[in-house]
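*Asks:* If you want the building blocks of each chain, they are given just below.
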Amino acid sequence: MQKGALVIGGGVAGIQSALDLAHAGFKVYLIERGPCLGGRTSQIHKIFTSMDCTG
Amino acid sequence: MNSQKAKFEPKIVAFCCNWCSYPAADGAGVSRLQYPTNIRIIRVMCGGRVTPSLVLKAFELGADGVLVATCHFEDCHYMFGARKAADVHKITEQLTEMIGIEKDRLMLDWISSAEATKFAKVAQEFTATIKKLGPSPIKKQMTGDKYQITEDIK
Amino acid sequence: MSIKKAIKESRAYLCLECGKCTGSCPVSRFNHGYSPRLLVNKAIRSGQLELLKDKNIWACLTCKLCDERCPADIDYVNMTLAIRLEAQKIGEEAICSHGGAAQSLMRIMTTPDLQQKRMAWIDNDLKTTQSGETLYFVGCLPYFDVLFSDIEVNTLKAAKASVKILNHLGITPVVLPQERCCGHDLLWGGDLENFKKLAEHNINEIKRSGAKKVIFSCPEGYRTFKIDYPKYFECNFEVQHITELLAEALGNEQLKLKEMDKVVTFQDPCRLGRHLGIYEEPRKVISAVPELKLAEMVRNRKSAICCGVSAWMNCSTYSKSIQLARLKEAKQTAADMLVLSCPKCEIHFNCAMKDEKVGKDVKIETIQLVTLIADALIGG
Amino acid sequence: MDVGRHPNIEMFTNSEVVQVDGEAPNFKVKIKHKSTYVDWDKCTGCGECPSVCPVKLEDDFQLNLSKREAIYRQYPQAVPNKFIIEKKGWPPCRFACPAGVNAQGYVALISQGKLQEALELERKDNPFPSVCGRVCTHPCESECKRKDVDEPLAIAQLKRFIADQEPEGKEPISKPQLTKEKVAIIGAGPAGLSAAYFLTKQGYCPTVYEATDHPGGLLYWAIPRFRLPEKFLKRDLDYIKSWGVEIKTGIALGRDFGIKDIFNQDFKAIFLGVGAAKEKSMGIEGEDLQGVEFCVEFLKKAIMNHKTTVGKKVAVIGGGNSAVDAARTALRLGAEEVFIVYRRSQREMPANEEEVLEAEKEGIKIHFLAAPTKVFGEDGKVTGIECVKMQLGEPDASGRRRPVPIEGSEFTIDLDMVIMAIGQAADVSFLNKENQFELTRWGTFKVDPDTLQTNIAGVFAGGDVVTGPATVIEAIAAGKEAAESMDRFIRGVDLKEGREKKPVRVADEDIDIPDGVETTAREKMPVLDLEKSKKSFDEVALGFSAEQAKKEADRCLSCAGCAECLECVKACEPQAIVHDMEDEFIDLDVGSIVVTTGIDYLDPKEASEYGYKRFKNIYTSFELERILSEDGPTNGELLLNKERKGPIRFAFIQCVGSRNMRRDINYCSRICCMNTIKDSLVLKEHYPDIEITVFYIDIRAFGKGFEEFYNRSIEKGVKYIKGKPSKVIEDENGDLIIHYEDDQGYSSEMVLDAVCLSSALIPPKGCQDLADVLGIETDQDGFFKNAEPAIKPLESTKDGILVCGCATGPKDITDSIAEASGAAVKASLFLKGHELEIEKPDIEQVDISGPPRVGVFVCHCGPNISRVVDVPSVVEYAKTLPGVVFTEDYTFACSETDQRRLQERIAEHKLNRVVVAACTPKTHEPSFQDSLTMIGLNPYLFDIANIRNQCSWVHQKEPEKATAKAKELVKMSVARVRELKPLYLKELSVNRDVAIIGAGITGLRCGLDLLLRGFKVKIIEKNEAPGGLVRNLSSIYPSFKPGKDIVNKLIDEFTKAGGEFLTSAELVDVTGYVGNFQVKLSIKGKESEFTVGAVVLATGASLYDPAERYGYSRYKNVITNMELEEKILTGDIKDIKSVAFVQCVGSRGDAGNPGCSRYCCQAAIKEAIYLEEKGIDVAILNRGVRVYSKGAERMYRKARELGVLFLPYEEEPEISGTDMANQITVSSVDLNAEISVPIDLIVLSVGMVPAEDSLRLSELLKVPRGPDKFFLERHSKFGPVETTVEGVFLCGCCQFPQDIGDSISQASAVASKVSALLSRDKISLAPITSMVDEIYCRGCGRCAEVCEFHAIELIEKEKGIFIAQVNEALCKGCGTCVPACPTGAIDLKHFKSEQIEAQLEALFN
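Protein chains in written order, with the numbering used here: chain A, 5 to 59; chain B, 8 to 161; chain C, 86 to 465; chain D, 25 to 1429.
One or more hints might be untrue.
[Claimed, not checked] In silico lysine-lysine, DSSO-like type, Cα no more than 30 angstroms apart, as pairs:
1) C/Lys-174 x D/Lys-903
2) D/Lys-169 x D/Lys-91
3) D/Lys-1383 x C/Lys-442
4) D/Lys-225 x D/Lys-112
5) D/Lys-54 x A/Lys-7
6) D/Lys-903 x C/Lys-138
7) C/Lys-202 x B/Lys-139
8) B/Lys-125 x D/Lys-708
9) D/Lys-58 x A/Lys-7
10) D/Lys-629 x D/Lys-743
11) D/Lys-171 x D/Lys-548
12) B/Lys-139 x D/Lys-981
13) D/Lys-1301 x B/Lys-125
14) D/Lys-1286 x C/Lys-442
15) D/Lys-1381 x C/Lys-442
16) D/Lys-325 x D/Lys-556
17) D/Lys-985 x B/Lys-128
No wet-lab data here; the hints were simulated from the structure.
Using the sequences and the accompanying hints, generate a full structural model.
*Replies:* In structure tokens:
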């Protein structure tokens, strides 16, 4: 059976490692406790130094 | 006269860049921010893609106002696209002003993808300014429609 | 007039198929897909729709070199114009350079009550009026300088020089604040309807200003006023090119010119030369300048080579090759400057020279004849 | 967030890891996927359901600053963009109700004014709303959580309200045809009728046999009209009858027919609901005297005729509802004096409390703790009773305390009537003759508690006849259960199976009562005035008004979250809502695990000294973040009281909780300083004249661009005061007063309008149990522990499990992203051989030659578009457009079903162009394009007209104009799509080798990771030997191992894994593009060249040379910290007594690095500890100690413990001494005096500056450099290790000075990015790039000049003729070259000039 990687946590770090693993051609199971992805970052309105949005 | 002006519904072309102002317009939709219906959005990849000829073509065909909306300098997806848009816009501005189109009918603005409220505000204010200015001084010039082939030729 | 009549009038049916036209055509030399002979052939034999849809009708520079050389004296250029007028009706159009910005500007100018802001170039030491005997037709120079600001060309210098010369000769020319484009480029692009609107507007403005004589620095405007306007409207004013005026005024003593120890060469604009037959006046004016020597290019007067683009249409790699060839010829005369008398030549040549890949063997300083004279005026 | 769509990623939101077994690389993981109660395959995210949901809950996404519905999507752009219902089980009220009536449900609907829906919901469980609304003992109210706030909700009275407001004669909406078997119900009481009702709902045909001549049982015969008027009982009965229940009155079982007769008339099951009407007698003397009556008979008589005679003084014996009823009835029949005798106390009285109060109000006296012993009378008529006082003893079986008579406490009351109301008993004697029913000792039927089946199969019993006299609601519940059993019995299904699973009550701690909810009193029920009610049998309680009902319903706390009012089910067009969806468990087979559980923030409630939650306008930094954001609770505005004047006074307090020994948060939360600076700038933007003060201990602005950001806030006027405030209080006129020590050392106060507390970042709840499940350790701060902090920052204490991001400690987004990529590559090492092959099926391409044949598909998007835009008229209009050959409209174009229909239409009508008028291309264009590719139509012959986000949603008040605009948008799209050309993905072959420039620890780490992933790596190093700066470090914090060993270990691991070193190599040129870089080197003069797929910059940085500053060149004993490292290695520090470190030499100032060099504070402290332990006195002159990384705060603390002196300084300290420096003086601001320290050795902590050759490298690789001259990363947050040049990556100090831990994480991050890039054999490039029409290109080169990505070159086609050529690998598709081209030769594919002009022309004629 195709073995994949398990990523626990759907915040910005979780998404990034899931994407990197997926782009490298591996199966990824992304587990998030909340109803959707984004974690703390989605609650942040502006990011310091570059002041662009987290949209 | 202003009853005619009140009834007057300007038609405004908005060139919106795919990475910043277009999603801002979508964001305005998601949060149901209302703005007048006169805006017609045309998606371009970057504000820097809008050539003077496109703006002049819009005015020639009868647009009452043209808005070019692109990213802020620091978060432009193509790093320098917004600066290019500003340089090209200088030429377009001079041409439109010289040909007799009021200065306020053409506007360049910077809207990042999170500034949905700003997009709605710009849409509202720009429509109001154009309504105040009244219809564009240029009558529609388009000659016969491009696609019917006149009878006698066939 | 219908297309059949126009082709007959241009005597196309007399074509001997000798191919001299294709041989001399500057475009065919580089664009082997374009042959005036085949086009004439098509005009006579093939169906109308096929003719009108042929992209090549737009490739012709209308520089009239073929007409000069045609043993059957076919008026190829006017035939092409007629075909274009018909083709535009069914939606055919040329590939306009600069995204069609110029064409858009001209079509916008057909709006009757337009309030253009185009007088900024008249600085206070130039005297102009709103009404009077003589009118100086500026043309689209103010727009050109903005549209082509990236190649730092300054066509308005010629306008300032012209007014300075007229003032020098005691004439305070009328300059129309709401002057419209003469319509030359739209006409040769086949858009007759808008051409007529522009023409009508200009003629009324001129009548209102009371001018009896209209002076041109741009040969395209001059040819359009002189030949095309009378076809559709009745104009009660005289038209003259500034070089002709200068040539006449050489006699009177106010016109004293400073010495200029330089060698120059002269590019005959197609409209001034082959279209209107004015070859000698410019040369007379040049020779009037003390110590100024004129070194003619190999192909001059009737056989001068066009500057590569007409009416902002189909500017391509072929136009570049034409321009480079012509510039090389100018360099071969070892002249210090290339004298021009048409804003379009100035723009096209400078654009060709702008790209450094092309290197030194084409770089030459260009100057409009009127500017040269205006600078040389004594007691100006 | 394109993770949602990536084919390899399977997402489980709303889920938790519950069990992990096995070792790397074979883990067996069990996931618990909590039910979302919404079927996410069907849900299209249209957003209709929250608009109908009545429940308002705390919005945890907005940190409880605002409310959201029970069915919600966390934020509009959530991925997955689906809805979820928050359900915590059954609310306390529903759980307490025997019939499980969903009280919270219908109360919520009342608060929404949806009264009819509320009634329908109530009737799902209880067919007697009018009755129960009046007489129910409402156990639900005693459980209502509102009692902890003020008073419980008036649930019963609300039920009555919705029953009463139902218009007369309303037909039940959907009447099932009664097709199933016949069932017999004996007794038309609440139990029987309820059973009948529930059976008809399942299609059975029940016949109810009632002994008396009126249905209703005790409801009709025993409950007085002033509590339950006949009119309202009749309404419930009529409702039940309207369901097809047939009631035959006057027929009694036993008397007129037997159980056997029923079965013979092919009734399939029987329900016995005969109730318990036999009156119990007390068995005391004189009971049979005339004037002594039994309660039920008396009530029956009174009900039949309101004129029955009654005595003057009446006593009622008993404490139940019927006793009180009897007493109040007697009063209304004319009794002058009525009193109740009850043997227990008021508390045990079973009667409803409000009925007892009404009785007392009507003058009825109650003798508690008294029981009659004898009734005496004259000539057969009762004249009085003798009672005895009681006291309460031990509780009896029913849990109520048994009354015990007190000896000698007899007393007599003279009266002329006694009513015995001591309870009834079941009388089933009539039945017992021919069948053997088992009875209990109270004479009630013995039934199976779950199924209510008697010992005779098919015969069920419920209500008082089983339980003895009980409440109405219990009888109804019994009827419902019996109906379920009878249905199963008839269907032959096992009666018990699946029924024992009782509903789960919501746990108390899950009910979040919002603090600060204001108390509102319970609505008072209006009653008939006393005088009138005493006399008549009119109903006493008059019922709530609509406003009262609404106000009362609004008090509901929605304890269970979703109230299951099923409104959302009605509103959901795709029928996606499944209220009884179960949690599911999923087993996964994984090779490695990455833990990125993120961070939570400390609730500063314990820091009560700052008045959080006690005073208004005191926020945590996270709450401020939500408030300042447009989609936040207050859409971006501070809620200050309106009438205050003058500029806002705002203060930030840093380190609330962080760096605090007492609360054992002994680490720096690392991001709050920068977050505060950012918020101050945002505040300045919103309120230009705002006065901001920041109280801090150390401003830790250590990252790239942080120092400039800090200075920008100072320029904008933000005041920074060093010193942590002691407390914040609120003065009388509502202003906040903050107490602090100012920089002169005086204690002072400042008046403020609002305060923001930068509260500490702590590990999220459940971190420890996840650690136990995974079998990995957490460190003393509760974060996940690293194998070796600085050297292996990404591995956990267990092989195969990686930890990164805030899970290992607070860090900002840039570092988290870098670590995440690093962890990804390490995780992939365990998945060797499990790569997925995505095969590409070759599909037969649709023929797209010939004139354009356009299909227009207009989407309703549920109501989102069709509510505003007249979709059919847009479809009609589309037909008239030139080129359009087919039009159709869909409800949800993006759903699988509609996309399949779209594909069929394309084939059917041979369409070669498609326009979909729907939502925004930004989200849905890829999914439509995929459907086109699947059937062989080029995906670029397609356009979306955005008639939702940019039309229907934003013009809701002008539908006709919106429709006209939609038509024009469609016309523009059709015109554009006619001009579109097919575009094909360009495939590039990929070379799989990697070149790394720089062999420092970063380069080595990245190389090693790549080698382990199976790529060939060449490291190019300009010095002879690899190792970089770290090699000559004496020790590395915190393991204190010498740098040399670590570097050498990496070097031989690298060579062992087959890596290649090219030392003393000088990079000559790099040409080509991603996947095919040609690298030209010269090693000692010998040129060599090779091709690689990717290039990694790991060139590190060089150290600032202080030259003559601080007397470095003059004194021998003034050295840099690197030189100190050598001295320590060689042991050359023996004769040194005291050392002074000077920090920020060549950092944060005019010379060297304008920003902070980040590593020096930690390095200095590490060395200081080493020296102090050798007995050398150490002082560190600093401009704020910036130790931020994991464990660094503890090290800083240890240094202070060992006696290291930390001296802050502003101006440069002067160093004095003759040939050797022996003294250093610094002007200390706090003590405003000069402090001079005798020293033997001065160590300058020098900052890092860009390497000398970084300019040359940046030109070679065309990688831009930032304003600080370090290499510029693609995106400061989301692309920290990539550059704008595709295929060129960077890591370590060449991007910005950083410590070893960060550099190594970045190194692994690059390895991950490179392996992602090179793992595919082909790189497919986005086809939207520029293209050149060679005929029209004059070779003028202006486009090449303009292109920032150097993607355009001029090539010499023939001698002297130059043509521009676009390198599609480098071209980003921005199109800024198009305006530069004079002839229009260059144009941007998919956005060509004629395509845009076509849109303009379509728009204007």
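*Asks:* All the hints need checking, so say for each whether the structure fits it.
*Replies:* Going down the list of hints, with the structure as the test:
Distance restraint check for C/Lys-174 and D/Lys-903: the Cα-Cα separation of roughly 26 angstroms lies within the 30 angstroms cut-off, and the hinted pair is therefore satisfied. With a C-alpha separation of about 19 angstroms, the suggested pair D/Lys-169 and D/Lys-91 falls inside the 30 angstroms cut-off, and the hint holds. As the CA atoms of D/Lys-1383 and C/Lys-442 are separated by approximately 12 angstroms, the hinted pair is consistent with the 30 angstroms bound. Note on D/Lys-225 and D/Lys-112: the hinted pairing holds, with a Cα-Cα distance of about 29 angstroms set against a maximum of 30 angstroms.
Between D/Lys-54 and A/Lys-7 the alpha-carbon distance is near 14 angstroms, which keeps this suggested pair within the 30 angstroms criterion. As the CA atoms of D/Lys-903 and C/Lys-138 are separated by approximately 29 angstroms, the hinted pair is consistent with the 30 angstroms bound. The suggested pairing of C/Lys-202 with B/Lys-139 holds, with an alpha-carbon distance near 21 angstroms, which does not exceed 30 angstroms. This hinted pair checks out: B/Lys-125 and D/Lys-708 have alpha carbons roughly 18 angstroms apart, not beyond 30 angstroms.
Taking the CA atoms of D/Lys-58 and A/Lys-7, the gap is near 24 angstroms; set against the 30 angstroms cutoff, the hint holds. At roughly 27 angstroms between alpha-carbon atoms, D/Lys-629 and D/Lys-743 fall within 30 angstroms of each other, so this suggested pair holds. Distance hint between D/Lys-171 and D/Lys-548 is fulfilled; the C-alpha atoms sit about 16 angstroms from each other, no more than 30 angstroms. Restraint check: the Cα-Cα separation between B/Lys-139 and D/Lys-981 comes to about 22 angstroms, which is no more than 30 angstroms; the hinted pair holds.
Restraint check: the Cα-Cα separation between D/Lys-1301 and B/Lys-125 comes to about 24 angstroms, which is no more than 30 angstroms; the hinted pair holds. Taking the CA atoms of D/Lys-1286 and C/Lys-442, the gap is near 22 angstroms; set against the 30 angstroms cutoff, the hint holds. Distance check on the hinted pair: D/Lys-1381 and C/Lys-442 sit about 13 angstroms apart at the alpha-carbon level, within 30 angstroms; holds. Annotation: proposed proximity of D/Lys-325 to D/Lys-556 holds, straight-line Cα distance about 22 angstroms (limit 30 angstroms).
Taken as a hint, the D/Lys-985 and B/Lys-128 pair is honoured in the structure, with Cα atoms around 19 angstroms apart against an allowance of 30 angstroms.
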